[in-house]
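Protein chains: 2
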Amino acid sequence: MKIALAQLNYHIGNFESNTEKIIQYIEKAKSEGADLVLFSELSVTGYYPHDMLERKEFVAKANLFVNEIAKKCIGVAAVIGAPTINEGERGKKLFNSAIFIQDGKITSLHHKSLLPTYDIFDEYRHFEPNNKFDVVEFKGERLAITVCEDLWDEQPTSNEFGKDKLYQTSPMEELSRLNPTLVLNLSASPFSYNQENWRKNILISKAKNYQVPIVYVNQVGAQTELVFDGGSVFINSEGEVVKELAYFEEGFKIVDTSYIGKKELQDKTGYIEKIHDALVLGIRDYFVKMGFKSATLGLSGGIDSAVTAVLAVEALGVENVRVLLMPSKYSSQHSIDDARELAENLGIQYDILKIQDVVDAFNKDLQPIFSGREEDVTEENIQARTRGIFVMALSNKFGSILLNTTNKSECAVGYGTLYGDMNGGLAVLGDVYKTDVFKLAHFINREKEIIPENSITKPPSAELKPDQKDTDSLPDYNLLDEILFDYIELNKPPEEIIAKGFDTEMVKKVVHMVNINEYKRFQAAPILRVSSKAFGFGRKMPLVAKY
Amino acid sequence: MKIALAQLNYHIGNFESNTEKIIQYIEKAKSEGADLVLFSELSVTGYYPHDMLERKEFVAKANLFVNEIAKKCIGVAAVIGAPTINEGERGKKLFNSAIFIQDGKITSLHHKSLLPTYDIFDEYRHFEPNNKFDVVEFKGERLAITVCEDLWDEQPTSNEFGKDKLYQTSPMEELSRLNPTLVLNLSASPFSYNQENWRKNILISKAKNYQVPIVYVNQVGAQTELVFDGGSVFINSEGEVVKELAYFEEGFKIVDTSYIGKKELQDKTGYIEKIHDALVLGIRDYFVKMGFKSATLGLSGGIDSAVTAVLAVEALGVENVRVLLMPSKYSSQHSIDDARELAENLGIQYDILKIQDVVDAFNKDLQPIFSGREEDVTEENIQARTRGIFVMALSNKFGSILLNTTNKSECAVGYGTLYGDMNGGLAVLGDVYKTDVFKLAHFINREKEIIPENSITKPPSAELKPDQKDTDSLPDYNLLDEILFDYIELNKPPEEIIAKGFDTEMVKKVVHMVNINEYKRFQAAPILRVSSKAFGFGRKMPLVAKY
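These protein sequence lines are chains A and B, in that order. Residue 56 is where the first sequence starts when you use the numbering used here, and the numbers rise one by one after that. Residue 56 is where the second sequence starts when you use the numbering used here, and the numbers rise one by one after that.
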């Protein structure tokens, strides 16, 4: 049988565009001789519509478009993803369904059984789990049609509790009793660099274990924080990946299950390159799907804003990125020079706005209220917030989106000013530790110097008071990032981190900083997620808690 | 049997304080002759610890404190709430448990079956549902011990899909087969004014239906956004409420199930008074539990900041509230006078800071970049953001928390400036529609004029340009709020709202404004929730969606 894998970029709630795309690929599959074309999970709505699923008219509209797609699907079969109504007496109102279409009609529904409800997943909020299993007989094959998590019932990564199976049921156990000859999987599995092989390994192990080939189609493209990386595969019953679609872009491929031919795999890339590609796609899709073209940001001469600017240019084009240099009296001349050099290397429009007059005006007005009190973080924040107003003014006046340049290390320890440098519509590096920001900078400079070497090599500084260095109040980033990774990604207890050989006080201080800064992250811009545990809705911590 | 109802205010993760309180009330119950004392859901950790439940050391610590409580519980039995480990091979790692303690030992565990995962509830993220049911024989009674939602399996309110039962299992059906003589329920059910009787009615219907008395103990106190209102009850087997504890404060009462005596109920209060009490408690607990004493805010002379200031004074005391008046050249003299009059009526410290010098400095610096362009919302935002910096400077310098004064109507349609008047650590009125803010103002003034009458009667205006009125860009608040309520609280499709007789274009415009402003709400301060559907983590909408 010839199966087409359609790995597409959907837009949540944009039924017209998603439907048009699906129909177009149904036509393509048919014209290229496929028997069946497989799309990804919730392809009609885009993954994930969140509480739009609580709106009756949203679900009704999805079903209208499913019917429209069905009508166009003649001469080739298709499996698409959409929410369907649970007609039962009990339970959540919806199913997360794979819909099998033949000859212009819906011939069967296959509801998802295992509903991920952890990290960034929230499916039990909206969907009732399925507990009935069957296979579809189609052109001599017995197809087991599954939706994403149904293929893996393992605990999510970094589970310190050590239990093996997350769910009571195992759809693959149930389905394997029905002797399927082929497993289809509609997926929406977001990228994270430290889980990159985990997904493929699970698929391989399932194919091997059940001795059945698997066709896996993943969503591609970004939806605000989440970047879906594609990488759809066909795996034979020996557990070998024999066909693999591109990462971070749309793809289409027809697989002949009876004659597999030579392997077609993607080139291996390093994790920094993958993060780079994920961030560029994340920026681009945010703008495209929000209907914006241009970005703005403040260039400080430091490495974070430099890397953000480069990624923005790659995503949006030189003509759509405009930056502000906003030196204060504490800014070193080399910072200004580095920022200007970067802007010139990139060929982007830049302006220089000195913040001192405004800062002086603030301080003068506040003087009667503050008289007799020492300078403290208040005055540092006024500088950061003045810059925040300047870049937002540019953003407002020219209808561009402000990109936030905070990295994950800063975000973790609260090293940033709310309503100042934490401003922005999208946080590009908010899930990238500082040590990886350095690696990104080297990756960007791999062929020629785009980011001035000095921005990379000089000691990081916020330049909010004389001779300030990040290391005045933080450990070295090498140490800091390892502690943060253990605490945030791996959920390790502080005692375990200390037992690795870190200084007790340092670990306690870092953990304390992470915990007390939830209130800042609560108001942070959405963060492009590239790790297995990003700040944002995948890590909900109480604010008023005592730790 | 004599059962003590202990309705207490816990602090999430503050095991020491929660344990001390629980032990103190165990002693009290014992000394007053109770056989058993009942606490609320997850009382040892406080409800709700969110992803702290993913940390092994957090759960281990909870269990240590449970054991400590058990040791102290001699001569009286107790039922407390805590997470316990799921020792099974499969499923989530934890149970949400009621723990029965007698003679210094844990004698049985009763895990929650129905795990609410909708609106602000997220329990399936962390807990495995229970499916084994039993009763506890204790002093001649057969106790059915249930946790919160186990008593009600109805769909949440405002379900446009119209299905009746949210869950596959019904713990009360299961338990009733075991002939319980008394139902105990440990609860953590947050307040919302438009669901206030819903909870009590469900308890009444269950008691009647199963002809069994119910002892219901609810948590009281606020945890960031959520305000738990207490109102614990004893309901007899005829479904009559015979004892009722206070709302919005801690309470303790011993009920003799064999001799009920006269009814002891709370006075009825109107919904505006309840909202008022919820907000005062919400502010107070945020400060107490975050370890802060004092608040600051900007007083504009308008009604929102006036009501917020009054609530802050009630919650924190006159000496702990300090305000800034920040007139611009567009501020009317009466606004300044109204603000000053309010501050004087309340007796709070206030300062006047004119924003014009700073605004001029911003505009002067931006002039070369903006030259040739019309004034637009950019310049309005600069004013709002300049005020935002001033109040944050006060907050930083004096270690106080900025209270945000945005109301729900504004928050819904995006009528507010990010990093300007949207600043704040806590949004006091973010779940109160403008029309209810007026009612709150009248309630506050019920005995004497605290809020100047003029602040209440004048047409609302942001005063960011000459003669600006809210109605320039928004419908009248009476109309706006009804549309918003139907769309947000009731999830009605726009067509249904139009069918009620509203102007089609107006409804479409309002719905569009709600939808396109998710990005602003994403970065908003935490909002004290008083309705059945507040903005915040109980209403997650995708940002990049097309509606």
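Treat the hints as calculated values from the structure; they're not laboratory data. All values derive from a computational prediction rather than experimental measurement. Just to be clear, a hint being listed does not mean it is correct.
Chain copies aren't distinguished; within one or between two, either way the pair holds.
[As the list claims (entries may be wrong)] Distance condition first, Cα-Cα at most 16 Å in a straight line; then the derived EDC-like pairs of lysine to aspartate or glutamate: (1) K452 to D420; (2) K384 to E550; (3) K452 to E429; (4) K409 to D420; (5) K452 to E434; (6) K220 to E144; (7) K601 to E71; (8) K601 to E112; (9) K452 to D431; (10) K126 to E550; (11) K513 to E144; (12) K127 to E374; (13) K563 to E112.
*16 Å Cα threshold - placement of E550 relative to K126*: neither (61 Å within a copy, 27 Å between copies)
*asked:* Reference check for the pair K384 and E550, CA-CA at most 16 Å: within, between, both, or neither?
replied: Neither. Shortest intra-copy (43 Å) and inter-copy (57 Å) distances fail the 16 Å Cα cut-off.
*asked:* With identical chains, the pair K513 and E144 could be close in the same copy or across copies; at 16 Å between alpha carbons, which is it: within, between, both, or neither?
replied: Cα proximity of K513 and E144: none, with 65 Å in one copy and 52 Å across.
_Checking an output row: K452 and D431, CA cutoff 16 Å. Within, between, both or neither?_
between (33 Å within a copy, 8 Å between copies)
*Given a CA cutoff of 16 Å, do K220 and E144 count as a within-copy pair, a between-copy pair, both, or neither?*
For K220 and E144, only the inter-copy Cα distance (7 Å) is at most 16 Å; the intra-copy one is 29 Å.
_At most 16 Å between alpha carbons: which applies to K601 and E112, within, between, both or neither?_
Result: close only across copies, 14 Å inter versus 42 Å intra.
_Identical-chain pair category, K127 with E374, by Cα at 16 Å_ = neither (40 Å within a copy, 71 Å between copies)
*Using 16 Å as the alpha-carbon threshold, which applies to K452 and E434: within, between, both, or neither?*
Cα proximity of K452 and E434: across copies only (9 Å, versus 27 Å in one copy).
*Using 16 Å as the alpha-carbon threshold, which applies to K563 and E112: within, between, both, or neither?*
Intra 50 Å, inter 14 Å, cutoff 16 Å: inter-copy only.
*asked:* At most 16 Å between alpha carbons: which applies to K452 and D420, within, between, both or neither?
replied: Answer is between; shortest inter-copy Cα gap is 14 Å, intra-copy 27 Å.
*asked:* Within a copy, between copies, both or neither: which one fits K601 and E71 at a CA-CA cutoff of 16 Å?
replied: between (48 Å within a copy, 10 Å between copies)
*For K409 vs D420, is the C-alpha pair at or below 16 Å within one copy, between two copies, both, or neither?*
between (19 Å within a copy, 8 Å between copies)
Of the hints listed earlier, those the structure fails to meet are numbers 2, 10, 11, 12, in rising order.
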